[in-house]
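There are 2 protein chains.
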Amino acid sequence: MNIYSERIDKLREKMREVGADAIIVPTSDAHNSEYVGDHDQIRRWLSGFTGSNGTLVVTKDEALLWTDGRYFIQCAAEIAGSGIQMMKMGEKDVPRISEYIASLMEDREELTLSFDGRVMTAFEINTLVEKVDETKSLKLLYNDDLAGELWLSLDERPKRSCERVKLLDMGFSGLSATDKISQVREAMEAKKCNQLFISKLDDIMWLFNLRGGDVECNPVALSYAFISQDEAFIFLQKDAVSEAVRAYLASQRIIICDYEDVYEFLKDYPYEGKIYADLREISHLAYQCIIDGNGDKDSIVNGMNPTTELKAVKNDTEIKNMREYFLRDSAAMTEYIYWLKKRAKEMASGGEVLTEVEAAAKCDELRKAVEGNLGLSFPTIAAYGSNAAMMHYEATEESYAICKPEGMILTDCGGQYPGATTDVTRTVALGPVSDEEKTNFTLVLKGWLSLMNAQWIDGCTGRNLDILARGPLWAKGIDYKCGTGHGVGCYLNVHEGPQNIRWKYIEGSSEAVLKAGMTVTDEPGVYVDGKYGIRTENTLLVEDRCDTADGHFLGFENLTWVPIDMDLVVTKLLSADEINSLNNYHNEVIKRLGDRVSDEVIQYLQMLII
Amino acid sequence: MNIYSERIDKLREKMREVGADAIIVPTSDAHNSEYVGDHDQIRRWLSGFTGSNGTLVVTKDEALLWTDGRYFIQCAAEIAGSGIQMMKMGEKDVPRISEYIASLMEDREELTLSFDGRVMTAFEINTLVEKVDETKSLKLLYNDDLAGELWLSLDERPKRSCERVKLLDMGFSGLSATDKISQVREAMEAKKCNQLFISKLDDIMWLFNLRGGDVECNPVALSYAFISQDEAFIFLQKDAVSEAVRAYLASQRIIICDYEDVYEFLKDYPYEGKIYADLREISHLAYQCIIDGNGDKDSIVNGMNPTTELKAVKNDTEIKNMREYFLRDSAAMTEYIYWLKKRAKEMASGGEVLTEVEAAAKCDELRKAVEGNLGLSFPTIAAYGSNAAMMHYEATEESYAICKPEGMILTDCGGQYPGATTDVTRTVALGPVSDEEKTNFTLVLKGWLSLMNAQWIDGCTGRNLDILARGPLWAKGIDYKCGTGHGVGCYLNVHEGPQNIRWKYIEGSSEAVLKAGMTVTDEPGVYVDGKYGIRTENTLLVEDRCDTADGHFLGFENLTWVPIDMDLVVTKLLSADEINSLNNYHNEVIKRLGDRVSDEVIQYLQMLII
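Residue numbers (the working numbering), protein chains in the order written: chain A, 1 to 610; chain B, 611 to 1220.
In case anyone wonders, no lab produced these hints; they're calculated from the structure.
Take these hints with a grain of salt, some might be off.
[As the list claims (entries may be wrong)] Negatives, chain B to chain A, calculated, CB over 12 Å:
1) Asp754
2) Arg767
3) Glu773
4) Ser786
5) Glu870
6) Glu1004
7) Gln1065
8) Gly1069
9) Lys1086
10) Gly1087
11) Lys1114
12) Asp1160
[To be verified] In silico DSSO-like pairs for lysine-lysine, Cα to Cα no more than 27 Å straight-line:
13) Lys1086(B) <-> Lys930(B)
14) Lys481(A) <-> Lys1086(B)
15) Lys1014(B) <-> Lys92(A)
16) Lys955(B) <-> Lys504(A)
17) Lys670(B) <-> Lys746(B)
18) Lys515(A) <-> Lys1091(B)
19) Lys741(B) <-> Lys131(A)
20) Lys504(A) <-> Lys1125(B)
21) Lys801(B) <-> Lys572(A)
22) Lys930(B) <-> Lys955(B)
23) Lys572(A) <-> Lys438(A)
24) Lys930(B) <-> Lys952(B)
25) Lys320(A) <-> Lys368(A)
26) Lys362(A) <-> Lys404(A)
27) Lys702(B) <-> Lys192(A)
28) Lys1125(B) <-> Lys92(A)
29) Lys1091(B) <-> Lys698(B)
30) Lys191(A) <-> Lys978(B)
31) Lys1141(B) <-> Lys1125(B)
32) Lys955(B) <-> Lys92(A)
33) Lys274(A) <-> Lys741(B)
34) Lys1086(B) <-> Lys515(A)
35) Lys1091(B) <-> Lys504(A)
36) Lys481(A) <-> Lys342(A)
37) Lys504(A) <-> Lys801(B)
38) Lys274(A) <-> Lys166(A)
39) Lys476(A) <-> Lys1141(B)
40) Lys802(B) <-> Lys746(B)
Bear in mind the structure is a predicted one, so any value in this text is a computation, not a measurement.
The beta carbon of each residue, even a glycine, is placed where N, CA and C say it ideally should be.
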């Protein structure tokens, strides 16, 4: 018998013991984090599927695993023999999980559903409950982590990460925690709320000027925050807090509580008036504890954390540091591109073959050697040929492509620094490429330049601007199936909101007016399944431009100074303005990186001017 | 004593008789029409203010008139001595009407408000009621038209327009009323509604393939429609219906009722299930009658009329006719532009001066001479110099500018035809113009071309596309304070929804995905207060372009073929692609108008190629 089918059978025993008809096991932690640590990889342990996105639902008779198109092949292989059935998300006739749960209730009056209330958001559960016929009874068992208990009883469940919390110096934060808390309290007052509960880790780190190391690539510590008009609480793991951190928090009049005690705290707090919380972020259990404690669902005001909006607008100190660290990071990335071009030439003249793993390792090595580097902002993607058509491809030691001195390699990477988080993508020719590849690279370049050079009137969101990046591709019947850009944190998460560049509003995604101080990536691309992938990505900073009789205008300051591989550019497809803009860009790269890269790199850069 | 202050005092007597504390007198008819006929110009009669936008509110002590920036000067002059106070809409510290009414109730527990329930929409009144503190009582007297009664008793109130209703041939409609009603019933079913009430006149005309002449420039008849799954009713004025129309309606199984009986009908109808209605369109009285008849507010489903969406997508017959009539209209407009240029030259060499009134008259004369012309689609705007900076300027016999052989004249005009409604604007130099004017004309041209040449993926709305037209202006810190484009009817209203080209969502404006068959204008502009105005406007038709691996793509077919005044173009500001596009456009104008305009016009057109 398959080990996973055994685990699922044992889970069914536990379900029977508590009277659960179905259980949901998602891939998430208590903070809706983008990366989930080993401790919370329960779904992986239960099902054997190792992909990053998957939700398992087990009933008496069925075990279903929802995952997306990136993982259909891998998932099918990994769950073979387990008795688990894959549910292909987004495909026709495949119900959503909420629809599936509702369908289970078609022939019955009541259903008992178990899930770990700490790792599913209030919004997810509310959505699920709404789908159920009002006349029927859906009973939720959310206090126990049945699958987690099983894991602990049968196997060694990894401990929760507990890295030491670090202080972020005022030279990097630019604003004290006390001042940030005051701003948050103003925002709470505007919403007529006396209390605010936050579980979003990067928001908490920003608010208290702390950093941590509990989530892969995100410099955040596991924590919660609770702010009232008089008090500020932070919930941290005991072992994560040094004396220095304790003293610092005391100096800012922030009360430290134990991470484990948050739910009791939420139940016991003497609430006054309304409580503000982001139901898309906080857990169902936290939501229930607030309701239990307060006795009133209507006193919870749902909305985006005020910290999310405040954090998105970088202050002068942050901007000054970002400029410097982006330059350092750009120098390393430029050295990498030069190395790639040189390495490709060696390969063409019979030198050793290049692998994706080697490319990624070289890129990481150069970045980690940058003064001040504190690691990567996400796992480096180095994807050769058709692998680059997969937007979230990651080569591993076990599975990687060997490059040839032809075609293109796409490298998407970024670093963490005390004053910045970077994100950059370049696509580089390793030798001859097809006309189609060159043409499409040039179309991407046109869109990339157009967005970077945009100026717009105050009030625009990414929805207004997206067509600038996408237009040259749309003109040829090409589209990329993702947004054009996302916000980027400052020594925080590489993906942050609320701003983004998207043409279409997607359920659950935020849309924010672009304000000076916000960052956003500019990353159009072309992805041809089974053939190749192209993406060119810079990180931009929104800046104020001018005030005229017609209004206030904004534009972008560019933060990333990494060259474009001119071997991939069809010059005749560029307008005179575009050629000008590209030459200006490369001249700036040379000027800014002048004393940060080697002479041979400068020589290489000079040859890019057309 | 001023005649208007007398009228307002008499109105106050009537208010006292019925116990009304305040009365609202808006500028509107029972159909939320864009143009309001003489019969419904009660506010004008009461206040003396002749502008198109104004709402009068009278209380025991106050008489306030809300109007917008176009009319501040005119209104102040016209209401002088009446005791009426102007309320400048949009200015700081000027409350909205709903806020004013709410403020009247600050110191009292109840207020009785009178208004004519037939000419205020359900949405307007609902908004007003929402603003009032729940604990207080706002009593609405909406059955009587106190101001109208006063008018009738003191003076000669113009009769309601009652032009004969006309049939629209299948050669123009392309689809029978029976088939359209079936489509509407499908849409009703999708909304789970058994009944639909429509008061929007162009929707009703479209649905039943009728036309009328009761609203200025809009070929619509005063009417209502009520559709159930089994029956279709039209409410028309008795004297407007000929035997032929009666017979036609009978042949389509459409029941004719008297226009006056609609409210009784709505009260008495044996409703089953839900009733669909657009609360932004139907009157408060109609809304109340449905509720009174049905006894249930919750059975009204509020949403855009299904006819609005169906009407917006033109069918093949309509498109074929539109192409032909737009060409005819373009020929007349091109003759007009040639005439303007010639006339300006004559003026420069000592010929008679040109006036705005003469220009508009010439334009109208040429258009009315077009085979099939059925009048104008809106009053022609011919605005010289600084007058063109006012977006809704209209010269009159009493007040008009005299042109000089310098600067620019802006002409915005359109016609009605049995197969089309046209809308076109051109700005023409009458002699020397400043560099700034030329530069800005060229920026407008760049945006105009960019939008016209756009291709985009299915799902986009005007919000995604607007920056194409506005981008070249935004790049210079210039903006125009209106949308870039609006939908255009087919032998119907020159402004129709739900589609439009706007960068910003405005409360109450609709936003629709652009679908093949929809029309939209492309009319960027520059308006410099007190100096000059520039606008270039074509009407475009959305067309399907291609299906690729990445999706379905759409673009525009151009319908308007009228030349651009190259005397205003700074060629060096145009890219090679833009010059190409402009030359292609003028070559098409020559090709398409070849046998429709005089030889000297063709010679003129040939000189526009650069």
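Hint check results:
Every beta carbon of chain A lies more than 12 Å from that of Asp754(B), the smallest distance being close to 41 Å; the non-interface claim holds. Once the 12 Å rule is applied to beta carbons, Arg767(B) is consistent with being away from chain A; the minimum gap is 44 Å. Separation of Glu773(B) from chain A is adequate, the least Cβ-Cβ distance of about 43 Å exceeding the 12 Å criterion. Consistency note on Ser786(B): stated as away from chain A, and its beta-carbon is indeed over 12 Å from all of that chain's, at 35 Å minimum.
Distance to chain A confirms Glu870(B) as a non-interface residue, since its nearest Cβ pair spans about 44 Å, more than 12 Å. No beta-carbon of chain A comes within 12 Å of the beta-carbon of Glu1004(B); the shortest separation is about 24 Å. Against the 12 Å criterion, Gln1065(B) falls within the reach of chain A, whose nearest CB is about 5 Å from its own CB. The non-interface label for Gly1069(B) is inconsistent with chain A: the shortest C-beta to C-beta separation is roughly 6 Å, within 12 Å.
With a closest Cβ-Cβ approach of about 8 Å to chain A, Lys1086(B) is found to fall inside the 12 Å limit, against its non-interface label. With a cut of 12 Å on Cβ distances, Gly1087(B) falls inside the contact zone with chain A, its closest approach being about 4 Å. Its beta-carbon lying about 6 Å from the closest one in chain A, Lys1114(B) breaks the requirement of being farther than 12 Å from that chain. The beta carbon of Asp1160(B) sits about 4 Å from the closest Cβ of chain A, which is not more than 12 Å, so the claim that it is off the interface is violated.
Restraint check: the Cα-Cα separation between Lys1086(B) and Lys930(B) comes to about 40 Å, which exceeds 27 Å; the hinted pair is violated. Proposed proximity of Lys481(A) and Lys1086(B) is contradicted: the alpha carbons are some 32 Å apart, above 27 Å. Our distance criterion of 27 Å between C-alpha atoms is broken by Lys1014(B) and Lys92(A), whose separation comes to about 67 Å. For the proposed pair Lys955(B) and Lys504(A), the alpha carbon gap of about 51 Å is over 27 Å, so the pair is violated.
Between Lys670(B) and Lys746(B) the CA atoms are separated by roughly 20 Å; this keeps the pair inside 27 Å, and the hint holds. Between Lys515(A) and Lys1091(B) the alpha-carbon distance is near 21 Å, which keeps this suggested pair within the 27 Å criterion. Distance check on the hinted pair: Lys741(B) and Lys131(A) sit about 33 Å apart at the alpha-carbon level, beyond 27 Å; violated. Between the alpha carbons of Lys504(A) and Lys1125(B) the distance comes to roughly 16 Å, so the proposed pair stays at or under 27 Å and holds.
This hinted pair does not check out: Lys801(B) and Lys572(A) have alpha carbons roughly 53 Å apart, beyond 27 Å. Under the criterion of a C-alpha separation no larger than 27 Å, the hint pairing Lys930(B) with Lys955(B) is inconsistent with the structure, at around 38 Å. A hinted pair counts as satisfied when its Cα atoms are at most 27 Å apart, and Lys572(A) with Lys438(A) qualifies at roughly 11 Å. The straight-line distance between the Cα atoms of Lys930(B) and Lys952(B) is roughly 34 Å, outside the 27 Å bound, and the hint therefore fails.
For the given pair, Lys320(A) sits about 21 Å from Lys368(A) by alpha-carbon distance, which is consistent with the 27 Å threshold. Note on Lys362(A) and Lys404(A): the hinted pairing holds, with a Cα-Cα distance of about 17 Å set against a maximum of 27 Å. For the suggested pair Lys702(B) and Lys192(A), the alpha carbons sit about 25 Å apart, so the restraint of at most 27 Å is met. Under the criterion of a C-alpha separation no larger than 27 Å, the hint pairing Lys1125(B) with Lys92(A) is consistent with the structure, at around 24 Å.
With a C-alpha separation of about 18 Å, the suggested pairing of Lys1091(B) with Lys698(B) holds against the 27 Å cut-off. For a cut-off of 27 Å, the pair hint linking Lys191(A) to Lys978(B) is broken: about 59 Å separates their Cα positions. In summary, the hint linking Lys1141(B) to Lys1125(B) is not supported, as the alpha carbons are separated by about 39 Å, beyond the 27 Å threshold. With a CA separation close to 67 Å, the supplied pair Lys955(B) and Lys92(A) exceeds the 27 Å bound.
Among the hinted pairs, Lys274(A) with Lys741(B) is consistent with the structure: their alpha-carbon atoms are about 22 Å apart, no more than 27 Å. In summary, the hint linking Lys1086(B) to Lys515(A) is supported, as the alpha carbons are separated by about 19 Å, within the 27 Å threshold. For the hint linking Lys1091(B) to Lys504(A), the alpha-carbon distance of about 24 Å falls within 27 Å, and the restraint holds. In summary, the hint linking Lys481(A) to Lys342(A) is not supported, as the alpha carbons are separated by about 33 Å, beyond the 27 Å threshold.
Among the hinted pairs, Lys504(A) with Lys801(B) is consistent with the structure: their alpha-carbon atoms are about 25 Å apart, no more than 27 Å. Restraint check for Lys274(A) and Lys166(A): not satisfied, since their Cα atoms lie roughly 32 Å apart, outside the 27 Å limit. Taken as a hint, the Lys476(A) and Lys1141(B) pair is broken in the structure, with Cα atoms around 41 Å apart against an allowance of 27 Å. A hinted pair counts as satisfied when its Cα atoms are at most 27 Å apart, and Lys802(B) with Lys746(B) does not qualify at roughly 36 Å.
Checked against the numbered hints listed earlier, the structure breaks hints 7, 8, 9, 10, 11, 12, 13, 14, 15, 16, 19, 21, 22, 24, 30, 31, 32, 36, 38, 39 and 40; every other hint is satisfied.
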